[in-house]
Each structure stands twice: as structure tokens, then as C-alpha cells.
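Produce the entire structure from the sequences given, and follow the hints as far as they go.
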Amino acid sequence: MIAGVILIAFGIGSIVLGMNARDTVSTELSRENIVGTPDMNPADTKTALEEAKLTDVSAPSCNVAGKPINSGDEARCFASYMRIHALESSGGL
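Residue numbers (my numbering): 1 to 93.
Treat the hints as calculated values from the structure; they're not laboratory data. None of the values given here were measured: they were computed from a predicted structure. Please note that the accuracy of each hint is not assured.
As the list claims (entries may be wrong) - The calculated label-pair distances, taken between Cβ atoms and stated as ranges, are:
id	residue 1	residue 2	range
1	Arg-83	Arg-22	18 to 28 Å
2	Asp-39	Asn-70	46 to 56 Å
3	Asn-33	Ser-89	20 to 30 Å
Glycine residues also receive a C-beta, built at the ideal position from the N, C-alpha and C atoms.
Structure follows, in C-alpha cells:
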């Protein structure tokens, strides 16, 4: 019985912490005013990867070109493109 109550309390606490984290991410992203660059789309990125001869890297399937980054999913997509930009500029290192 006590273990059940403890598990329920732990579950409620986890939900509250998760909601707080989601709110923090949303607030911080809104404050940053991040916008995806025009080349942050799969087609342009695939072409750039071919030109840079980065054959072991695939283009993300998401598109944030010219879009404001306001959610965790958009931030993850933006980060994928930033990784590719870094690989392009470093020759894949």
C-alpha cells in the first residue's frame, strides 16, 4: 500500500516536472527569436551534402527554412541543420 502511494506521488511529480520543462523550453525559444535559414530544407541540404562530398550524412526530413523556431521539435530540426552546417564548414570532421 505504501509503495503504491509512493509510486503515485513519484508519477505526479514526474508529470509536473515534465510540464515545467516544456514550458521552460517554449519560453526560452520564444525569447531567442531564432529563425531557420533559407537552406534549412531537405532538398537544398541534400544538394549541399553532395557538393561537400559528405556521403555518410543524410539530410533531415524536416523543414524550418524561414520559419521561427518555437517548439522543441523545431529546435531539434534546427539543431540537425546546424550540425550539417558545421560538418560542411569543417570538411566532415
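Status of each hint after checking the structure:
Taking 18 to 28 Å as the suggested C-beta distance range, the pair Arg-83 and Arg-22 conforms, at roughly 23 Å. Hint check: Asp-39 to Asn-70, Cβ distance near 20 Å, so the stated range 46 to 56 Å is violated. Range check, Asn-33 to Ser-89: Cβ separation about 24 Å, and the 20 to 30 Å hint holds.
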